[in-house]
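S.K.: What follows is the residue order along each chain.
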Amino acid sequence: MRLAFFALLVCAVLLVVSVAPANEQKNWKDKPDDYAELGKAPEKARNRANPLENDPEAVAAGRLLFEDHCAECHGDNAEGGKKGPSLRAPEVQNAEPGSIFWLLTNGVVRKGMPVWSRLPEPQRWQLVRYLKSLGIAEASRPAKEASPKP
Amino acid sequence: MRLARFVSFALGLLFLSFGNCVRPANAQENPYVVTYDHYLEEPGNLEVEYFSTLGTQRGGNDFHSYWTEFEYGATAWWTTEFYLDAQTTFHDSTVFSGFKWENRIRPLQREHWINPILYVEYEDINGTDKTLKEIVGHDLEADFLEPNAETRREHEREIELKLILSSTVKGWNISENIISAKNLSNEPWEFGYALGVSRPLSLKASAKRCSFCRQNFVAGVEMYGGLGDRYSFGLKDTAHYLAPAVAWNLPSGWTLRLSPGFGMNDNSHQFLLRWGVSREINGFGGMVRRLFGAKS
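Chains as they are written, first to last, in my numbering: chain B, 15 to 164; chain U, 942 to 1237.
Think of the hints as simulated: they come from the structure by calculation, not from any bench.
A portion of the hints provided could be inaccurate.
[Claimed, not checked] The list that follows gives simulated cross-link-like pairs (lysine-lysine, DSSO-like), each with its CA atoms no further than 30 Å apart: (1) B:K146 x B:K96; (2) U:K1111 x B:K146; (3) B:K96 x U:K1149; (4) U:K1111 x B:K54; (5) U:K1111 x B:K58.
All figures in this text were calculated on a predicted structure; none of them were measured in a lab.
Let the hints inform the model, and build the full structure from the sequences given.
M.R.: Shown next, in the form of C-alpha cells:
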C-alpha cells in the first residue's frame, strides 16, 4: 500500500512538473549560440551532398513538410517563433546541406528540438532543399536589426 | 456502468473535436497499437487517441474494449500519457476498468543505431481490464471467462517498466519492447515482449497535399506475447499474437489505424480486431498557458 501511494505521488509530481518545461518561451535573439549545434556535425555528415539537389519537386514538397512539422516552432516564414530560432539566419543559410540534414536527424533534444529521423531520409532532404531556397531574411541582417524605429 | 462508456467516448470526442478548432499537426505515425518506437511527442503538443479492440472468446462472451489516451510532449526527451480504459462484454455488461499513467524518457541526446527509451507506467485498474495492450506473464484467454460482476471486485495497482529499443534504417522502423510488470500486492514480476516492423509506402513526400498519397500510408506487423514470471520464465502457458497493422496519416491531422491480430497458440484469443483514431494538437501547452493569463 505504501508503494502504491509512493507511485501515485511520483506520477502527480511528474504531471505538475511536465507542464512547465514545454511551455517555456525563449527569446532566441538573446542567444546567438543557438546555431552552434550546426557546427557540431561530423565531417562525414557535413560533406554529404543532397541527393535531391536537382529534383524539381523537392522545394515544393519541402515547403509542405515545413508547414506540417516545423512552422509551429520556427514560424510560418521560418523567421523564428516562440520556441525556435530563425532558419533564415546566415548561420543556417550558409551552412552545408549535410549539416542541416544531420541536425534534423539528431535534433537538439536538450534545447527542445525533437529528432526528425521519424521522417524518411528523402523527406529530410526535401526539407533541406526548401530551407536553403529561402535565403537570408532581411531581419536577420545585423544592420537592419540595429536600425532605430521611426 | 453505461456512464463509464459514455464518459470515455465523450472525453475522447470532446478533445478530438477540439482538435478541429486548432492548428492540426500532420502526424507521421507508425501503425503500431501495442509496440512503442523511440519517437516521443513533440514538446507542447497533445495527441488524443481513441482505440478499440474487438476480441473473440472461446467458451464465453466476446468483448469490445476501448481506451482513450492523452499523450503530451513535456520536453523533447520526455512524454507523459494518461489512459482511461473501459470495456463491454457482450451479454454481460459495460464497465469502467480504470486508469493508467505512463512516462517515456529518452536518455540519449542524439540518434543512434539503436535508440533506447525508458518507460514507467502506473496502473490503477480492476479485474475487468480487457484492453490487451500489454501481454505479460501468464495472461491467457481463459482468464477472461469470469463475468464482469466478479472481476470488477478485484483491484490491481501495478507498476510496469519497459525498455524500448528502436531503429530506423532506410525508412524501415524496427522496434523491440522488453516488458516487466509487477502487481504491487505481493505478486511476482511478470515479463513480456512486443516487436514491430513498419515502413511508409513511399519515402518521398508529394509536392501537393493529398489524402491518398502513398507517403500517408505506413504498413507493418507486430508480434507480442508473455514470457512468464519470475518463478516460471519462458514460453510455457503464455499467449502470443501476430498482427499486421496499417496507419493512414491524413493531411488534416487525423491518423487512422487498423490492425487485425491473430492468436498464435491455444492460450491466445483467436482473433482481435483493433482500430484507432488519433489527432495531434499543435501547441496545446501554449494554449493552456494563455488560458490562464500568460501573454502570447
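S.K.: Would you mind marking each hint as holding or not holding in the structure?
M.R.: Now for the hints, and whether the structure bears them out:
no.	hint	verdict
1	B:K146 x B:K96	holds, 22 Å
2	U:K1111 x B:K146	holds, 24 Å
3	B:K96 x U:K1149	holds, 28 Å
4	U:K1111 x B:K54	holds, 24 Å
5	U:K1111 x B:K58	holds, 18 Å
Comparing the model with each earlier hint shows no violations; every hint is respected.
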